[in-house]
Structures are given as C-alpha cells and as structure tokens.
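Taken in order, these protein sequences are the chains called A and B. For the first sequence, this note's numbering gives the first residue as 387, with consecutive numbering after it. For the second sequence, this note's numbering gives the first residue as 458, with consecutive numbering after it.
The hints are simulated quantities; they were obtained by calculation from the structure and are not laboratory data. Hints may contain errors.
Claimed, not checked - To spell it out: a stretch of chain A is covered by chain B in this simulated footprint if at least three of its residues, at any positions, have a beta carbon under 8 Å from a beta carbon of chain B; those stretches are:
| # | stretch |
| --- | --- |
| 1 | 417 to 423 |
| 2 | 450 to 458 |
| 3 | 473 to 483 |
| 4 | 539 to 552 |
| 5 | 571 to 582 |
| 6 | 608 to 621 |
| 7 | 632 to 640 |
Note that CB positions come from ideal geometry on N, CA and C, so glycine has one too.
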Amino acid sequence: MSSKMKRNLSTLGRVLLLAAYLLAVILPIYWMVATSLKPHTEIIDAQNLTYIPQNPTTENYEQLFSMYNYGSMVKNSVIISGSTAIVITLLSILSGYAFARYSFKGKGTILLFFLITQMIPGILVIIPLYLIFANAGLINTRFSLFIYYLVVNLPFCAITMRSFFERIPYTLEEAAYVDGCTKWQGLFKIILPIMFPGIVAVFVFAFIGSWNELIAGTIFISTSDMWTVPVGLKSLIGKYDVKWGVLMAGGVLALLPTAIMFAVMQRFVVEGLTSGAVKG
Amino acid sequence: MLWQIALYILLVVILFAAGFRLLRKHEKKNRQLQISKKLEPYLFIMPAFLLLLLAFGYPLVNSVLMSFQNYKLIEPGKVYFNNFANFKNLFSDRDIGLIMRNSFVYVIASVGMQFLLGLILSLALKKKFRGRGVYQAIVFLPWAFSAFVIGLMFRWSFNGEYGVVNDLLIKLGLITEKIAWLGTPGLSLLVVILAMIWMGVPFFAIMYLAALQSIPEDVYEAADIDGCGAVRRFFAITFPYIKPTVIMTLLLRTIWVFNSFDLIVVITGGGPANHSQTLPSYMYTRAFSGYDFGLASALGVVLMVILAVYAVIFLQVTKYNKAGDF
Numbered sequence: 387m388s389s390k391m392k393r394n395l396s397t398l399g400r401v402l403l404l405a406a407y408l409l410a411v412i413l414p415i416y417w418m419v420a421t422s423l424k425p426h427t428e429i430i431d432a433q434n435l436t437y438i439p440q441n442p443t444t445e446n447y448e449q450l451f452s453m454y455n456y457g458s459m460v461k462n463s464v465i466i467s468g469s470t471a472i473v474i475t476l477l478s479i480l481s482g483y484a485f486a487r488y489s490f491k492g493k494g495t496i497l498l499f500f501l502i503t504q505m506i507p508g509i510l511v512i513i514p515l516y517l518i519f520a521n522a523g524l525i526n527t528r529f530s531l532f533i534y535y536l537v538v539n540l541p542f543c544a545i546t547m548r549s550f551f552e553r554i555p556y557t558l559e560e561a562a563y564v565d566g567c568t569k570w571q572g573l574f575k576i577i578l579p580i581m582f583p584g585i586v587a588v589f590v591f592a593f594i595g596s597w598n599e600l601i602a603g604t605i606f607i608s609t610s611d612m613w614t615v616p617v618g619l620k621s622l623i624g625k626y627d628v629k630w631g632v633l634m635a636g637g638v639l640a641l642l643p644t645a646i647m648f649a650v651m652q653r654f655v656v657e658g659l660t661s662g663a664v665k666g
Numbered sequence: 458m459l460w461q462i463a464l465y466i467l468l469v470v471i472l473f474a475a476g477f478r479l480l481r482k483h484e485k486k487n488r489q490l491q492i493s494k495k496l497e498p499y500l501f502i503m504p505a506f507l508l509l510l511l512a513f514g515y516p517l518v519n520s521v522l523m524s525f526q527n528y529k530l531i532e533p534g535k536v537y538f539n540n541f542a543n544f545k546n547l548f549s550d551r552d553i554g555l556i557m558r559n560s561f562v563y564v565i566a567s568v569g570m571q572f573l574l575g576l577i578l579s580l581a582l583k584k585k586f587r588g589r590g591v592y593q594a595i596v597f598l599p600w601a602f603s604a605f606v607i608g609l610m611f612r613w614s615f616n617g618e619y620g621v622v623n624d625l626l627i628k629l630g631l632i633t634e635k636i637a638w639l640g641t642p643g644l645s646l647l648v649v650i651l652a653m654i655w656m657g658v659p660f661f662a663i664m665y666l667a668a669l670q671s672i673p674e675d676v677y678e679a680a681d682i683d684g685c686g687a688v689r690r691f692f693a694i695t696f697p698y699i700k701p702t703v704i705m706t707l708l709l710r711t712i713w714v715f716n717s718f719d720l721i722v723v724i725t726g727g728g729p730a731n732h733s734q735t736l737p738s739y740m741y742t743r744a745f746s747g748y749d750f751g752l753a754s755a756l757g758v759v760l761m762v763i764l765a766v767y768a769v770i771f772l773q774v775t776k777y778n779k780a781g782d783f
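With these hints in hand, go ahead and build the complete structure from the sequences.
Encoded structure:
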C-alpha cells in the first residue's frame, strides 16, 4: 500500500468516526425536540412511530406555560442561579487573586481543602443542611438553594479563577504600582479588565452548575410556587401517566440557556475547565 | 437559625472590612510593613474559606453523629444514641451487596467508556479541518446539559412501549419483541450507564484535546523521519505526554461519577427493585422516602470511608506527578 493511499484511508476512518459520534450526540437531542413538537395522539401511537412530526404543533409548549406554570419555574431558576453566580464570581475573584499572587503559610492546605470539598458527595451535605434549614424555617425558600449552590460550586470556580489570574504576567501589576496605583486600583483598573473573559467563564460555570441541579431542589423545595425548572419538570413524571410531549418541551427550553452560554463562551469555558481541574 | 446565618454573614463582612481598614492604616504609616503584607492573602480568602468550612464541616460532623443515633424524622421525640444499630441494619440489608456491585459496575463501565471514547474523539479532533470549531461546539454540548434533562431524553428513548430505541431495533430486525429496558434487572442499569457515557465524553475529550495540543510538533516530525508507525507513535510519544492529564481526569471523574446519581433518580428511580441503585442514590432514597436519617447517615459514613481511601490513593498519585518524575 502506498503511503498516499494509507493516508487517504486514515482520513476516511477519521471522517467516519467523527460522523458517527456527531450522530450519537445529535440523535437523542433530535428525538427530544421532535417529540416536543408532536401532538399527544401522535406520541402515544406506538404502532406507527413517526420519526418526523407529521402534524407539528406548539401545543406542548403552550400547555407548559398555561397549565404547568413554567414561567414561575424559570423565574425561580433565574433568580437562584443568577444570584449564586454573581456571589460566586465575586468570592472567586478574591480567593483566586490570593491563590495566584501570594505565597503564604497554609496555602497548600487551603487549596487541598478546596479540592477535597469537590470529592464529598452532595447528598452527605444535603441531609444535615436539610435539618438546619428545617429548623430555621428556610425550607421552601430560594435562599436555601442559593446557599447550597453557592458552597458546592465555589471551590471549583475559585481554583479556576486562580489559573486565569496566573496567566496574567505580574509585571503588568508591578508597572501599575510603580506608577502609583494602589492594590485595589491595580486589581480593578488593570487586571480585571484583561481577565474579563475568564470572569465571564467562571460566571457561566456557576450559573450552569446551579441551573442544572435537581437533587437538592427536590429536597429543599416542595411548594410548587418555589419550584425550579428541574424540580417542576420532575413533578410532571407521574406514576402512571407521563406527559411526554410537555416534558420534552420543558427539557428543550431548560437546555437552551446553558447551550447558548456554552456555545458563546466555549473557548473560555474550555480554557477554564482544562486549567482549573488539572492544576487543582 | 435564620438570624444565626445572618449574624454569620454580618460577622464575615465586618471582619473583612475591619481587616482592610487596618491594612490601609498600616499601609499609610509604613508601606513596607511586613504584617499587612502577610495578612492580605488571608483576608482575600477568608470569606470563601469560612463559608466552605461551615457548610461542609458542620454537616460532616453532624452526619457522623447521626449515624450512631436513632434519628427518624417521623418520630421526632425519639432521638437517642443506639451505638452501631444503624450499621448493623445497613449490613444486614439484603440488597446491600447488590447495591455495592451496582455502584462498582456503574463507575467502572461508565468511566471506562467515557475515557476511551473521549480519548479517541480528541485524537480525531487534533488535526485542524474545516468546520472543526462548529463540530466541537456541537459535540461538546452535552457537558453543559443538565443531567436531569439528559435523564429524561434517555428515559423517553428507552421507554418500553413508545420508545424509539425498541422501534429502531425492531425495524432493523435485531429484536422481534419490545424490550422493557427500564423494567428489567441489568438492562435498567445499562441505560443509566449509556446516559452517563453520553454526558461525560465531552469532559474527557476537552481535557485531552488541550493536552494533545500542547505536544510540540517537532517531536512528531522527528518520529516521522525515523519512520515511526502510527501505533508506535501513539504509545511512544502521544500517550507519555498526556499521561498526567489522563491520571488526573480518571481519578477525578471516578469520584464525580460515583457521587452523582441524578441520572438514576430520573431514569429508573433505582428500579426495578434496587437493581439500578448505587450507594449514594440508596442513601437519598433511605433518607427522603423512609426519613430514616440515622441509617442514611450510616450509609454516608461508609461512603466517606470509601472516598477517603480513594482520596489517599489519589493524592499519592498526584503528588507523584507534581514531583516532576515525568
């Protein structure tokens, strides 16, 4: 076999592989979108499963808002995830800066502590927290989820922020200090503007982490007016009757914001993910 | 309790503000002052550190205490220490062996496949081609997706009666009867594992792609000149270069996969009859459908012991890497 043929063959193999994987990713998503656009009668017609919606309709989406109060779930999710992400971003800037720019006693231990919190199973923290929140009357409030999402997402975000800081050469700050900048001025006027993409990436991490969470939501929240999107959608799964069309419509809408955020910020999110997790 | 939390937050804010006031004063007096310089990083880290210490420390201690108590939420007046009764109950649970085995199979199978597929995908993506950016944006998407929605997707696709998977398999002539995927022991866990793989491949691919792109091109050129074959090239150059990343991601991912059970809750609920239940999901079930917090905490302690042993190995291995043995 000539080397040219060999190369062509390996290119062909690569293309086939990439195509197969693309298909594996797209098909489940397609199936969810297709189901969400079918009327109920078409969905439960098991004899003639249609691969393309025959009578595309938006009735599932309409029902989601009119019958199941999806608007309120989205509102709760946005409030909780948004506030969590803002606070996490601020705290991560502070601790990330300290981790990156100072060497101090106990730094290794604190970093290790941050890393270890990432290994503790969430459910282990949720049960005692549930008791605390129950005593404090915080069950069924957005505040309970805010606290939980804050502490579970913070360590990773702080470590990631540290690596974003480390990428900025210290000489930049030094130059600013020589010119008479104070520490705060240096941080706010020089470093943070350069780091803006990294800051947005951390915000995205925190937001996605809170937006997607189900388990703590089902435990801390039981009244329907406080349901977040995953908790509310889960309640649509009845024992005998599942409204698959509505459920799929809800799923599509739940994925949209995170998918858009990820697509727009992909480069920085990927950078953060690779540096933060490996460096630990 | 609410006021305690408010007080705590207030305290942190005040301490933080006071600390900086002090620093400012010192700085004005003497810019070179050692103490202020030394305190600065602690002030920056304090809010996050205290928050985490409180939020993780207290619950963990509490879990250990509860594991030795008769603590049932439905009998609020009857909380007392019962020595090892919870642990005895736990280990005499006739399903515990099955659940242990499930956890093991679930972690090994899904992490193993995620790793393999992620590595292959990253190798295929290493060379630039037209549309690579768009391709990546699509196939990495599952990373940002909610496990809950992914669970819904798989639960619906593998639905015994209306599911698309059965329909496809019948049309392809691979099966003649519809399979009750989620109602059959073994198969229900398989569906969970498939969903987990689908969700986790992007993480590995992203990490390995970054590692691959940091390998200097001239190493490969030299190998080409020496007439190195593709297989040899992978094992002699590529793999050694990305080995630290491989170890790190495998170890971390194992913990995350072990701990996460939202897919199980959504797809099977642990069924049929605990055949897709893992240790953390069982803990969730025992705590919030039976409200036996004592037993659940005992399970939690077992979980902690397993993870601690694992973490020690993990830290040993990573230190080995940081020592620059590479």
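Verification of the hints:
1. 417 to 423: holds (count 3)
2. 450 to 458: violated (count 0)
3. 473 to 483: holds (count 5)
4. 539 to 552: holds (count 3)
5. 571 to 582: Not satisfied, violated; 0 residues make the cut.
6. 608 to 621: holds (count 3)
7. 632 to 640: holds (count 4)
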